[in-house]
Amino acid sequence: MTNTLNTGGSDAPVKKSHMNRFIQSTELDTRLLGMLGALALIWFGFHIYGAVVNGFGAFLTPRNLWNLSVQTSSIGIMACGMVLVIITRHIDLSVGSVLGFCAIVMGVTQVWILPELIGFEHWSIWIITVIVGLIAGTLIGGLHGYLIAYHSIPAFIVTLGGLLAWRGAAFLVARGETISPVDSTFRLLGGTADGAIGSTGSWVVGLVGVTTVIVSVSLDRRKRKTHGFALRPVWADWFIAVVGSAALIGAVILVNSYYWPRGIVRKFADENNIVIPDAGLFISYGFAIPVLILVTVGIIMSLVMSRTRFGRYVYAIGGNPEAAALAGINTKWMTVKIFGLMGLLTGLSAAVASARLGSATNALGTLDELYVIAAAVIGGTSLAGGVGTIYGAILGAVVMQSLQTGMVLIGFDAAIQQIVVGSVLVLAVYLDNLYRRTAK
Amino acid sequence: MNDKDKIDCAIKPLVDMRNICISFGGVHAVDHVSVDLYPGEVVGLLGHNGAGKSTLIKILSGAYAMDSGEIYVNGEKANINNPRDARSYNIETIYQTLALADNLDAASNLFLGRELVSPIGFVDDDAMEAETRKIMGRLNPNFHKFKDPVSALSGGQRQSVAIARAVYFNARILIMDEPTAALGPHETQMVSELIAQLKAEGIGIFLISHDIHDVMELCDRASVMKNGQLVGTVDIGDVTDDDLLGMIILGKHPDEQ
Chain A
1 MTNTLNTGGS
11 DAPVKKSHMN
21 RFIQSTELDT
31 RLLGMLGALA
41 LIWFGFHIYG
51 AVVNGFGAFL
61 TPRNLWNLSV
71 QTSSIGIMAC
81 GMVLVIITRH
91 IDLSVGSVLG
101 FCAIVMGVTQ
111 VWILPELIGF
121 EHWSIWIITV
131 IVGLIAGTLI
141 GGLHGYLIAY
151 HSIPAFIVTL
161 GGLLAWRGAA
171 FLVARGETIS
181 PVDSTFRLLG
191 GTADGAIGST
201 GSWVVGLVGV
211 TTVIVSVSLD
221 RRKRKTHGFA
231 LRPVWADWFI
241 AVVGSAALIG
251 AVILVNSYYW
261 PRGIVRKFAD
271 ENNIVIPDAG
281 LFISYGFAIP
291 VLILVTVGII
301 MSLVMSRTRF
311 GRYVYAIGGN
321 PEAAALAGIN
331 TKWMTVKIFG
341 LMGLLTGLSA
351 AVASARLGSA
361 TNALGTLDEL
371 YVIAAAVIGG
381 TSLAGGVGTI
391 YGAILGAVVM
401 QSLQTGMVLI
411 GFDAAIQQIV
421 VGSVLVLAVY
431 LDNLYRRTAK
Chain B
1 MNDKDKIDCA
11 IKPLVDMRNI
21 CISFGGVHAV
31 DHVSVDLYPG
41 EVVGLLGHNG
51 AGKSTLIKIL
61 SGAYAMDSGE
71 IYVNGEKANI
81 NNPRDARSYN
91 IETIYQTLAL
101 ADNLDAASNL
111 FLGRELVSPI
121 GFVDDDAMEA
131 ETRKIMGRLN
141 PNFHKFKDPV
151 SALSGGQRQS
161 VAIARAVYFN
171 ARILIMDEPT
181 AALGPHETQM
191 VSELIAQLKA
201 EGIGIFLISH
211 DIHDVMELCD
221 RASVMKNGQL
231 VGTVDIGDVT
241 DDDLLGMIIL
251 GKHPDEQ
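If you read the protein sequences in the order shown, they are chains A and B. The first sequence begins at 1 in this note's numbering and counts up by one. The second sequence begins at 1 in this note's numbering and counts up by one.
Honestly, the hints are just simulated from the structure, not real lab data. A virtual CB, placed ideally from N, CA and C, is assigned to each residue, including glycine. No incorrect hints appear here.
Taking lysine to any residue pairs in the SDA-like style, the calculated list, with each CA pair at most 25 angstroms apart, reads:
(1) B:147 x A:228
(2) B:145 x B:114
(3) A:332 x B:63
(4) B:147 x A:321
(5) B:134 x A:224
(6) A:225 x B:121
(7) B:145 x B:186
(8) B:145 x A:19
(9) A:223 x B:148
Not close to chain B: a few residues of chain A, all C-beta gaps over 12 angstroms, as computed:
(10) 203
(11) 249
(12) 277
(13) 422
Taking the hints into account, I'd like the entire structure generated from these sequences.
See below:
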């Protein structure tokens, strides 16, 4: 890498050295670019296939992309935790079942217990419910971590046992019943017409995001100056700020151009005594609440991984567990914390998933573990440990969900979907290996 | 420092390990071994592979918990149960394996377990990199790969990161396990100079080595181990290469003849 830089790419074609210089200057992650490219290919591919074969490209529509974002949330939130688990050379096969169990616990709490105690549709029900779910998830994850770290049972076995046990426990707790209806405020977590923040709210979120991008680019520049480190060229800083802002604003415009269906608008108008104008009343969805939850989790977890000691230790343990222990890191307690965090995020994911469904069933989250692991791995998390990013895992979740949604839209049947998703997972890891070999 | 303190320092060993025992599955890896180390002194630990020298040293650095025995640091009984305890006594170790996390850069490795944090508790990567640049500028001025993970570094560069880590935190007691095993002649020379410099600063060093010449050149005393037991401790000035070899191979103390 450094050699090609020094020789100025004398034997490389001119075009390639431009590209190299661009990547070097912007310090963009090449695998991130690769994933965005793959995602663009999937999106346009499905859209064009739909347009040519079915006469209608349904993929690149505000409606589909909005739904895609909501469907990604549950898997994406868990993938953020799975990255840590896999970086430290473990695996968690139990997340789907734990999600089901947490959903049932929350269902029981908000439908069977709390209405008796504090009244049906009480304002605090959703808060208590979510807290109960998060605690349940954290305790279960922590228990897994404890068994793995302090009793040396491999994570594969502990969580394989968990995969069966928690699904069974979910069935027992609810006696196999579907628990509904969930609290109406709780439902908003799942992202429905109400569970989105509307046009104005989305603009506020978008502008806060744009401000953050610009401030952080300029802060970074100032910090490098004070330490006398190499600066990015000015144009590269501008490029990052402009592209980042444009992406955010584009996302706001996209979610704001998906409007409530006419039925919901009519009901809303009736309830609020609004007369619908002849041209029609257009109410934007805006960002869905679960998507905002995913984004928040993604930002917090990215900060944790790159800016805290905890995150640094996760990478260190993944890179060399023995060295981490010799550096005074309590690797066993770290394992408990990592699995506890995985459980916490699974609990949060359970809230989103059961809110979206509007009920809690013991089958909720079935096979999710595979999608979560696939998302993390497609996102560049190495099963050998030590390597992985939060944004990669979220992008991986978007890729998985895009494939699935796209195949539904163009009318592939379920069997083919499974074959494609499975093959893509294997292909992704193969390509990743190739990338790593050439990058070295 | 007044005269009385000086005398105290001269008398009190920096480290005094007494009757240390540890066994693994019935094998006495270290069997009633006592060694000590004075300020500004280099003590070589010699012996065949499996003689127990690395195990003994890992007890001092907190990697293993001993079965019985006592450790005194500066004349006071020390409780060392994990690497953090050892570090709190200013005991720093350069492991033979280097104990680096290959996926992290030099600064992250140097500060691993002791990260510099900003007031809000975030790790301060820039400050750590700046500090790393300073110390590497002193130890290995040719080192420039601050952004790369240490897996991308050469053996000598990796070694200098491991040494920098031990030196940076004001070690009083330094343990070096085969510090020159993976190095070329130039880098070995660098390590020798560093040892002389640290010695002059009053740091006590345990040097584990296979190389008799290294030991003869760098050490003040040598403790030889065989089969988990201490053969003896000798002043380097009083022995020859052959005496040391005899101790290592035959387990025979030179005075016994």
